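There are 4 protein chains.
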Amino acid sequence: MTFSYYRNIYLSDTDAAGVLYFAQGMSICHEAYEEWLNAQGVSIQTILKEKKFALPIIHGEIDFFSPIFCGYRLQIDVKCVPIKDREYAIAYQVFSTSSPDKLLAKALTKHVCINPITRKRVPLPREILGE
Amino acid sequence: MTFSYYRNIYLSDTDAAGVLYFAQGMSICHEAYEEWLNAQGVSIQTILKEKKFALPIIHGEIDFFSPIFCGYRLQIDVKCVPIKDREYAIAYQVFSTSSPDKLLAKALTKHVCINPITRKRVPLPREILGE
Amino acid sequence: MTFSYYRNIYLSDTDAAGVLYFAQGMSICHEAYEEWLNAQGVSIQTILKEKKFALPIIHGEIDFFSPIFCGYRLQIDVKCVPIKDREYAIAYQVFSTSSPDKLLAKALTKHVCINPITRKRVPLPREILGE
Amino acid sequence: MTFSYYRNIYLSDTDAAGVLYFAQGMSICHEAYEEWLNAQGVSIQTILKEKKFALPIIHGEIDFFSPIFCGYRLQIDVKCVPIKDREYAIAYQVFSTSSPDKLLAKALTKHVCINPITRKRVPLPREILGE
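Protein chains in written order, with the numbering used here: chain E, 2 to 132; chain P, 2 to 132; chain Y, 2 to 132; chain B, 2 to 132.
Keep in mind that the hints were calculated from the coordinates and are not lab data.
You can take every hint at face value.
One copy or two, either will do: identical chains are not told apart, so a pair holds if it fits within one copy or between any two.
Calculated lysine-lysine pairs in the DSS-like style (CA-CA distance at most 27 Å, straight line):
1) Lys-50 with Lys-121
2) Lys-111 with Lys-80
3) Lys-80 with Lys-107
4) Lys-103 with Lys-50
Nothing here was measured: the structure is a model prediction, and the numbers come from that model.
With the sequences and hints as input, model every part of the structure.
Here it is, written out as C-alpha cells:
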C-alpha cells in the first residue's frame, strides 16, 4: 500500500540556481519516510530515547526529471520494500499536486537495523516493515 | 582575544533570492563558535558523549548589513562574553576576505549550561570561558 | 489577526544534542512567514520571477524557553508589525500542539523592501502588510 | 587527477541519532565539487550571474560504510568522469583524516548542461571537464 506525504517547497529548500537544492530533495523524502513510520505507530523520538535499535541509512539516491521551484506543493508517495531481515529499502515518487501525472523525481533509501551502542546489525523489528 | 574562522559560501548556503539564506548565516556563526571551542581544547563530540553538561542556546540573533553571495570567503570573528556563572554570550562579526573593513553581518548567541539528563542549569565549566 | 502554521519536527531539524538545532528554529519560523504571505495571496515564487521587488531580512532573532524534540508538532503563530513604509517585522510564537499554553520559543524577523537589481530600498507594496 | 577537499563536521551536520545526517553527506560532497570547480577557475557565482548555462544535478547517490560523528575532519576526494558532451559525473570518496585508509562513504552526482532560461540541454563548456 502506498502512503502519500504532502509538503510545500519553501525558500530554505532552494538555492541561488532558483530551484530545489538536490540534497534537500533527499531530506524531504526522509520527512515522508518519518511520516510513513508515524502512520504505522512507529515514533522516531521513542526509538531515539529507548536506544533499543537504530535504523541508519546505508544508501540514498535521487533522480530529478524536472526542476522543482519555491511554492510547489509536493506529493511524495512512499513504499517500503523489505530486502532481508536486517535491511529494507524505501522507494519515493515525487509529484507536484498541480500536475499529479508528471513524475518530478524519484528516490530510494536503504536502511539497516543496528544496536546503537555496539553499532552491530540486529534483526529488524516487525513493526518497521508495516506488517 | 579574538578568534577568526574562515568559511566559503556554497550553493547550499544560498536560496532562490540569490543570497545567503538568513538562518544559514546563524548556522555558519555557530560553526565559528565550534572552532573557537575547539581552539581552546573543548570538543563538542566529547561533551555529547560524556553527557556531563550541555550548552543549549537560549537566544540567537543576527543583523545583515550587505548581501552575502555564493563564492564569498567569509572571515568570522568570535568573541566570548561571560554574563554570569551559568550563562555566556558569543559575539560574531562577519566580513568578506575581499573587503575586510566592511562589516557584512553581526550575530550573537547566548548559551546556558545544563545537566543534559535533568535539563536543570548547572555552573559553567571554566574551560568554556577560555580562562 | 493571528495566522497559525503547523509543522512536525523531523530528524533533519535536530542535531546530535538531541533537540531542534537553533538556527533551524529560525528557518521553520520563516516557513510560517511564507505560509502567511501565501494566505494573503502573495507568492514568493512570483516575487522571485518578476524581480519588481525583494524582501531581504535585515534582522532575525529567536529565544528558546524549552527544548523542542523530534516528533513534536509545532503551532507557530505569525503576526505582522508594520514599522515604517519600507520596513516591517514579523513576530512568531512557537507552541507544541500537545501543550498549547506553554510558549516554547519566540522569534522576530525584520524585512526591508528593495529593488533586487539596484539593491536600493523602495516603498513596501501594500499587499505585504496584509492591508 | 584527484582533488581533495577538507571539511570539519559541525553540530548542524548531525541529527538526533548522533551522526552525520545522510542528506547532509550529499551536500558536503557538493561543497567539494564547488571547490573542485573553483580550483580550475570555474566560479559558480559567475555562472549564476551570467546565465549562459546551468549545471543541474539529475542524479545523486551516497553509500555510508561507517558512521560519521561531530568533530570528524573529513577528506573528500573528487574525480570528474565525462560521460558524453552534455553530461558528466563527479565521484566522491570520503575519509576521516584520522584514519585515511578507511573509506567512510562514497558518493556520485550526475550533472547536465542546460540553458537556464529555456531549460533545454546544451553542449558542456570545456572548462567544466577540467581539460
